[in-house]
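Trainee: Letter by letter, the chains look like this.
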Amino acid sequence: MKEKQKGTVLDISAGSALQNKFMSMGIYKGREITKISHIGLKGPVAIKVGRSVLVLGHGVANKIVIESHD
Amino acid sequence: MIKKIFLVGNPNVGKSVVFSRLTGVQVISSNYAGTTVEIMRGFLKLGDQEIEVIDLPGTYSLEPSSKAEEVVGSLLNESTKDEIAVINIVDATNLERNLYLTLQLLEAGLPVMICLNMCDEARHHGVSIDIHSLEKILGIAVVPTCAVTGSGIKTLVERIKEIKIKPRDKSSHRNRWQAIGEIIEQVQRLTHRHHNLRELLEDASVRPFSGAFIAIGVMFASFEIVRFIGENLISRIADPIFLNFYQPLLIKLSPLLGEESFLHHLLIGDLINGKIDFKQSLGLLTTAPYIEFAMVLPYIISFYLVLGLLEDIGILPRLAMLLDNLLHRIGLHGFAIIPVLLGLGCNVPGILATRNLESRRERFIAATLISIGIPCVALQAMILGLLGEYSGFYVSGVYLVLLVIWVVLGVVLNHTVKGYSPELLVEIPPYRFPALSTLWKKLFLRIKGFVIEAAPLVLLGVLIINVLLYFKLFDLFTALFAPVIKGLFGLPKEAVVALVMGLFRKDVAVGMLMPLALSVKQLFIAAVLLAISFPCAATFVVFFKELGFKDLLKATLIMCVVALFTGTLLNFVIH
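In the order they appear, the protein sequences are chains A and B. Going by the working numbering, the first residue of the first sequence is number 1, and it counts up by one from there. Going by the working numbering, the first residue of the second sequence is number 1, and it counts up by one from there.
These aren't lab readings, by the way, just hints derived from the structure by calculation. Hints are not guaranteed to be accurate.
Straight-line C-alpha distance at most 25 Å; calculated DMTMM-like pairs for lysine to aspartate or glutamate [as the list claims (entries may be wrong)]:
1) A:42 with B:203
2) A:29 with B:182
3) A:48 with B:423
4) A:48 with B:121
5) A:29 with B:121
6) A:35 with B:231
7) A:6 with B:389
8) A:42 with B:423
9) A:63 with B:203
10) A:42 with B:202
11) A:35 with B:107
12) B:441 with B:231
13) A:35 with B:475
14) A:48 with B:199
15) A:29 with B:185
16) A:29 with B:63
17) A:6 with B:107
18) A:29 with B:107
19) A:35 with B:185
20) A:48 with B:182
21) B:166 with B:135
22) A:6 with B:120
23) A:6 with B:185
24) A:48 with B:203
25) A:35 with B:423
26) A:63 with B:63
27) A:6 with B:423
28) A:29 with B:239
29) A:48 with B:63
30) A:63 with B:453
31) A:48 with B:202
32) A:63 with B:96
33) A:48 with B:169
34) A:29 with B:96
35) A:48 with B:96
36) A:48 with B:185
37) A:35 with B:135
Please read these numbers as outputs of a predicted model, since none were measured by experiment.
Can you make the complete structure from the sequences, with help from the hints?
Mentor: Laid out in structure tokens, this is it:
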């Protein structure tokens, strides 16, 4: 996913604890998110969900499957 | 009848500011998630009734994912529902995400009202919320506030009596979000605005290059400002007061006590060339107050002023993102930078702030690295005082050695400590212009905390040392450790007293090195050794409370090994 690109969450392949955490922060299947930036190749990713900006470590971000809008 | 009010809400919505407004109890608040790690209690007078108000750490849901969040669920569960009330603090700029917790609270059958905080900021962002329809839809009281200025708090208090249970059916996570979507549709209107400078800066600070550029610039400027303010406070205020007003008093007192008397030894200490030397006399009325108020306090003030600014602007979580990669190498993730920065002020709040880290392994690594590799501001001020008169190389040398230790020890711990380290997952707050009122309050609280905690300990430390020195009780002890101190570290055997004292209180320990007439190499090694060992008795206590005896023992062992190794290495490498 490129910077400033929007996408929809297709799937979250994580355990239930992390699923719940994502859920409570507003990341769930069908939710639209916008990528803001990432640091380095395997660094954290900043995304915008609703009105909040979240930073996800690389491993966590990898668990979210996105369908990007063009 | 309501006996207790819990303040519950997402991280960084201003719970602590509301708490201060309700109870008058002053607490530290900042612009990042996880400032409050301890539960704060205070009282609110409502009519003729006193109600206990409890400020809880921020949480996104009632299913906890860190130690700080765990507390919330368990406290809410163990209370009887008809005696408590929950004020759910909601960030008006981010109503949607905040409502998730609100719905969970309602589903849990808790009596809830909403304090819709940061209403002024929401207006600036072009967010308008229809409060009446929100009240109607949820069926509970909603009071708009701006806690920083205090507006709306009076209404909030008046409407506490309206708090009631408004049960909602339990629903799945998905349905909850769907319900929230419908609520938002009805109550929230957004006016579109163009990007302003602040938002451009916000974006720039989470991008790799511009972000690193901004971060390095901010850190460098902060360091320079801390030094500038600290130096000037010392040379323009503290030193003149001590030398022009205080010293003449002591000079009159000295002959009254008699130079050879025990009391003179205790209060004034030794005369250096027939004069009182605040740095070397080592008396209860001379060196003790001078260390605390003329050497350390000025830096405490300047450090916490700058830290408070950084905290309130909201720059720290952005550093967390930029440093995430690096911190992963030592078994932590980016957020650990916040406890570390707090540790640069004082290790105790630094170790407390590790509660925001999710796993025990992370907490152990972070707490150990903080207590060994992060010098507190009191120690840094003393090192500056000790080595400042030599070339700047020595002062930066201490930091460099500590940084190397920090990284090497971190990598080693990352490969040896068992358990898992979760990944960074944190919300980035918008940049905010710091409210001067909260900034001053926070600075005042921290300075007060330092004076109350440190001053008696420093006096006690100097007292103990003086008594022991007078009766020559250290001799056996110094003889015992002489081989290590002299043979390995190249320090005179008297330095052992300072090193041991260092475990009790660092500033006193450095103060004890000053009369020893050490060479600059010896001063350098002693400063590094003092920096490595745990900063003070309070750190031991808080480490024990947070991580237990076994981990404290482990960390202490690691500390001894690191100190032994580094001291010896430096002694044989430096010429």
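Trainee: Please list, smallest to largest, the hint numbers that this structure does not respect.
Mentor: Numbers 5, 6, 7, 11, 13, 17, 22, 28, 30, 33, 37, in rising order.
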